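Chains as they are written, first to last, in my numbering: chain A, 1 to 276; chain B, 1 to 281.
None of these hints come from the bench; they were simulated from the model.
All values derive from a computational prediction rather than experimental measurement.
Some hints could be false.
Distance ranges between label pairs, derived from CB positions [claimed, not checked]:
id	chain 1	residue 1	chain 2	residue 2	range
1	B	Thr84	A	Trp111	26 to 34 Å
2	B	Gly38	A	Arg114	17 to 25 Å
3	A	Trp111	B	Asp187	39 to 47 Å
4	A	Trp111	B	Asp255	39 to 47 Å
Glycine included, every Cβ here is placed at the ideal spot set by N, Cα and C.
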Amino acid sequence: MPSEVVAAPATPTVNPDFLRRKRLEKLYSVLLGGGVIVFVLAVWELAARLGFIDLMFTSCPSRIVVAFWDLGREGEIFRHALITGRVFVLGFLISALVGIPAGIAVGWSKWTDRAFSPLISAFNTTPRIALMPLLIVWFGLGFGSKLVLVFLSAVFPILVNMQTAMLNLDEEFRTVAKAYGASSWKLFTTVALPASIPFLLTGLRVALGRALLGIIGAEVFGGGEGIGFLIQYSGQTFQVETVFVCVVLIATFGIALDRSFQAFHRRVDHWRGGYR
Amino acid sequence: MLTLQEPLATNPQIRHHEAVPALSARGFGVTYEDQRNGALTEAVRNVDLDILPGEFVSIVGLSGCGKSTFLSSVAGLTPYQTGTLHIAGKPVHGPGPDRAVVFQKASLLPWRTVLENVYYGLELRGVSKKEREERAWEALELVGLKDFAHFHPRALSGGMQQRTNLARAFASDPEILLMDEPFAALDAITRETLQNELLDIWQRTRKTVLLVTHQIDEAVLLSDRVVVFTERPARIRRQFKVELRRPRTEAAKIDPGFAHLVEKIWAEVNRIGHVEEEYAI
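Turn these sequences into a full structure, and let the hints steer you where they fit.
Now the structure itself:
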């Protein structure tokens with residue numbers, strides 16, 4: 001008989017104070033982070049009110065809020081946001097659809113990696129916005145060129161991360177799969193794919209930022225619509241508040257996306273530890 | 001010295017009269033290339049070994065003698081260059097589902113639960129979900145881990161991970177189980193516990209096992225036959241039949257025959273031109 005009795009998974013006794021402490025700590029960290037932002041905004045507002053900064057060239061929080069309200073009532077800003085959002089989402093989706101299989105294909109074998117890595121590095125280090133004049137010539141001002149720029153911005157982080165995931169396949173897991181008779185396809189589906197999830201999520205998260213950068217850059221560069229255009233146009237006509245409203249809008253959107261990605265990452269990656 | 005025609009009365013389960021050994025190596029030799037500098041190492045030379053169905057055979061030898069390479073090559077993970085290898089009568093070169101390996105490291109897939117890890121081999125063979133779950137549960141029962149079936153490996157202790165590793169191999173139901181120093185990475189107490197458990201599991205299931213170990217008492221306790229390898233390149237120096245009565249328990253260790261055999265094997269293992277420092281007692 002087995003001499004050691006394996007204990008049933010016990011439900012450990014949890015110090016009731018522990019959860020309360022954890023909750024409080026979380027609350028404090030939110031209050032602290034929010035507090036710093038509120039403080040900065042207050043100083044800014046105060047400086048404007050006391051005349052330390054020139055409202056001709058800058059703005060202050062209260063004016064931005066008012067401008068936000070006005071722009072919202074007009075509805076014009078939403079039209080621009082919708083146009084930007086559409087290109088962003090479409091470009092990001094195409095990037096994922098192309099980047100994931102391409103990254104797998106390039107990283108799966110030593111020779112495809114050697115063949116394509118230099119090309120990919122060359123692309124990946126070129127600032128994509130530098131291509132914008134060419135893209136406008138090729139795809140026209142507006143939707144086409146913007147979409148291509150978003151795609152070129154977002155596809156490489158996804159591709160490179162998937163490539164890295166395939167190249168860094170854990171030798172231990174590869175050996176297990178082989179020892180139990182896995183075919184290349186099974187090695188891919190049962191080991192490489194699950195092991196690549198963290199890489200994929202990192203890639204998608206980086207790509208999200210790049211895509212946002214790409215779309216705004218493209219719209220600032222040229223065109224007659226979109227949030228980027230609105231920023232550029234408002235800046236030239238000294239509508240400083242509108243510029244700020246757009247920036248806040250983009251920042252909020254970016255943070256929301258990034259946070260939801262983090263939450264998603266924790267969910268799918270729970271076996272890696274810490275999040276049971 | 002043991003000849004294979006000799007009846008092994010101590011393990012009545014060994015099916016001597018079945019024509020086909022579970023494993024049969026003839027003139028088996030392995031030379032491998034160092035991945036970094038291309039240096040060639042002849043690890044195994046001209047090994048003839050038969051393992052009968054239901055037999056538990058251990059290989060012992062000095063550290064670095066090539067016994068692990070031999071096992072890896074039998075598993076199909078390291079190619080062999082000379083001789084032949086048959087598993088249940090079929091010539092084999094690469095890895096296959098007719099063999100299952102228990103690694104020194106538990107090597108569990110961390111994104112799979114214990115249950116999913118245990119049926120991994122069956123899944124690769126295309127066994128239906130219902131059947132592979134059934135068989136995985138049986139294997140978990142054997143190693144006493146039913147309550148942990150839905151845990152992820154990182155929530156388990158080293159000993160429990162190694163039990164899962166064992167369960168995975170047993171569940172796969174291969175022609176032969178290959179174990180590569182399966183308990184070497186565990187602490188002394190867990191190691192002994194698992195040795196006893198393996199003894200118990202094996203006596204209940206009577207699978208064919210080839211175990212590589214550097215622990216001679218482990219080899220004697222578990223095996224029907226202990227094969228001593230020479231220093232590198234590994235050849236078979238001598239084989240010992242273990243005549244301790246089955247079913248055995250840990251208590252077999254206090255049998256005077258046990259100590260005597262361990263001593264004899266020790267002498268044989270060390271009857272070698274150069275004795276490596278770490279192995280001198």
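- Message: Check the structure against each numbered hint from earlier and tell me which ones fail, lowest number first.
- Response: Hint 4 is the one this structure does not satisfy, whereas the remaining hints hold.
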